[in-house]
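Participant: So the chains spell out like this:
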Amino acid sequence: MSEKKSWEDLELAIELPPATSLGYKTGGWRIVRPVWNAAECIHCMICVAYCPDMAIPAEKSEEGTVGKGGRVFKGAVRRETNFDYCKGCGICAHECPTKCLSMIREEEAEQAACKVPGEV
Amino acid sequence: MGVKKAITGAQAAAEAMRQINPDVVVAYPITPQTPIVEHFATYVANGIVDTEMVPVESEHSAMSAAVGAEAAGARAMSATSSQGLALMWEIVAATPGLRLPIVMPLVNRTISAPLNIHGDHSDVMGVTTLGWIQIFSENAQEVYENLLLAIRVAEDERIQLPAMVNQDGFITSHAIEPVEIYDDDKVRAFVGTRSMERGLLNVAHPRTIGAMALPDYLLEVKRAQEEAMSRVFEVYHSVAKELSAITGHEHPLFEAYRLDDAEAAVVVLNSAAGTAKVAVDAMRDRGMRVGLLKPILFRPFPYAEIRDALKNVSAIGVLDRSMDFGAYAPVYSELRNSLFELDKRPKLQSYVFGLGGRDILRGDIEVVFDELLSGSLDPERQRYIGLRG
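In order, the protein sequence lines correspond to chains Z and D.
According to numbering that gives the first Met the number 0, the first sequence is numbered sequentially starting from 0.
According to numbering that gives the first Met the number 0, the second sequence is numbered sequentially starting from 0.
These are calculated hints, taken from the structure and not from any lab test.
Note that the coordinates shown come from a computational prediction; the quantities given were computed from them, not determined experimentally.
Every residue, glycine too, gets a C-beta built ideally from N, C-alpha and C.
Any given hint could be a false lead.
Each computed DSS-like pair below joins lysine-lysine, with the alpha-carbon atoms no more than 27 Å apart [what the hints assert, rightly or not]:
1) Lys310/D <-> Lys240/D
2) Lys3/D <-> Lys276/D
3) Lys4/Z <-> Lys3/D
4) Lys3/Z <-> Lys24/Z
5) Lys3/Z <-> Lys221/D
6) Lys24/Z <-> Lys67/Z
Computed, partial: chain D to chain Z, Cβ under 10 Å [to be verified]:
7) Gly96
8) Arg193
9) Ala210
10) Asp215
11) Tyr216
12) Lys310
Whole structure, please, built from the sequences with the hints as guidance.
Facilitator: This is the structure we're talking about:
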């Protein structure tokens with residue numbers, strides 16, 4: 000909604016198109032973020048089901064993806080958290096049976112992102 | 000032709016609901032509304048209507064469920080009184096903003112405290128600013144007809160606002176009167192079914208309703224809501240014309256009773272208007288030129304039309320069955336507002352009567368007329384009918 004509408008142009012009861020919350024990115028609320036260690040993930044989908052913001056994408060993969068113990072997981076696999084919507088509630092990390100998700104403070108994540116590759 | 004039945008105002012409301020055949024009725028019992036939903040529940044139990052009846056644990060839930068059903072696209076109704084209306088207030092306030100045309104019979108009862116189960120208008124006068132269409136009924140016949148009228152006005156695509164149809168607790172709701180119930184087929188053809196156009200279950204047109212509106216949009220939303228309210232008059236008139244074809248009489252915004260050459264008039268809502276008519280007739284028989292104006296459509300308030308109807312009356316007594324503490328009583332306030340635009344304004348007097356269900360008798364109204372005709376009025380100070388001390 001870039002151009003603001005006049006009252007005459009409003010739909011009844013400010014009716015809006017569906018799925019407008021997609022345009023409202025709540026990731027900015029985050030104080031801590033989940034860090035996903037894909038090498039420990041068993042793609043059990045528990046985090047996907049528990050995420051209250053549907054911020055963990057899952058997809059069907061025929062070729063599979065490498066997870067815990069070097070095993071290739073096929074079928075439903077999770078992908079990296081969508082940080083546009085993840086509010087950092089930590090439910091995924093709490094529920095994860097293999098503890099492949101850990102919560103770190105946002106500023107630590109930002110500092111980590113600023114580091115020159117290879118620097119300790 | 001319809002059939003004449005000896006029924007109460009509550010049953011008359013239930014009869015209207017039977018013919019309206021709502022998809023969903025959600026209610027919680029409260030005196031004196033309870034018989035409406037009791038009678039309607041027997042229609043549901045006997046398979047006379049197709050309604051999904053939802054018993055809930057409170058009025059707050061009742062109106063919440065009605066809002067949910069109406070948003071989904073159903074025709075939803077509830078019914079309440081007094082404390083019940085107070086408990087559902089939060090959702091009552093949200094309904095017009097969501098533009099959901101829920102129609103609800105309201106059986107007027109005193110709002111606590113002190114606790115009192117009898118009829119006055121302190122319940123409805125607490126919600127007249129919320130954006131519901133408000134219609135008042137003198138007797139059981141009017142309750143029945145006003146409900147039929149209300150459903151068409153509320154659901155009209157130009158309006159899409161909720162409506163309450165008021166009747167006096169016990170005096171109307173529990174007293175048996177002859178009521179003509181019109182032919183089911185004719186009434187059902189008049190009432191029709193609610194359009195699914197705006198229903199959330201209309202999956203061909205998904206939409207979001209009830210979105211937040213921040214300071215950049217709320218004013219525009221409310222201005223649009225006011226526009227819908229202002230269109231109620233024209234829709235009311237056209238729906239009333241259609242309804243007249245069934246009822247055989249007019250359905251005006253207000254009733255002007257022997258007002259044409261009146262020197263003095265009283266203005267009063269609901270059942271007391273019936274008493275006032277008897278007083279008017281008695282005084283007319285004694286040669287006094289008096290009349291009555293009974294508002295029917297109270298929200299939106301027909302300021303211009305009422306001003307025009309009263310412009311030649313010299314003295315007007317406005318009888319309020321509720322108070323607005325520290326301010327002019329609600330109906331009196333509207334009348335003052337309405338008449339302010341006249342160059343030659345009538346003399347006015349505010350009267351408070353009938354609180355907590357106290358009777359008002361023909362003689363009380365004749366005393367009002369005597370005062371109006373004597374000219375000893377004080378428009379700044381309200382008088383109390385039947386007050387001891």
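Participant: With reference to the structure, classify each hint as holding or not holding.
Facilitator: Hints, one by one, checked against the model:
no.: 1; hint: Lys310/D <-> Lys240/D; result: 26 Å, holds
no.: 2; hint: Lys3/D <-> Lys276/D; result: 23 Å, holds
no.: 3; hint: Lys4/Z <-> Lys3/D; result: 53 Å, violated
no.: 4; hint: Lys3/Z <-> Lys24/Z; result: 20 Å, holds
no.: 5; hint: Lys3/Z <-> Lys221/D; result: 15 Å, holds
no.: 6; hint: Lys24/Z <-> Lys67/Z; result: 31 Å, violated
no.: 7; hint: Gly96; result: 7 Å, holds
no.: 8; hint: Arg193; result: 14 Å, violated
no.: 9; hint: Ala210; result: 5 Å, holds
no.: 10; hint: Asp215; result: 6 Å, holds
no.: 11; hint: Tyr216; result: 7 Å, holds
no.: 12; hint: Lys310; result: 34 Å, violated
The structure shown violates the earlier hints numbered 3, 6, 8, 12.
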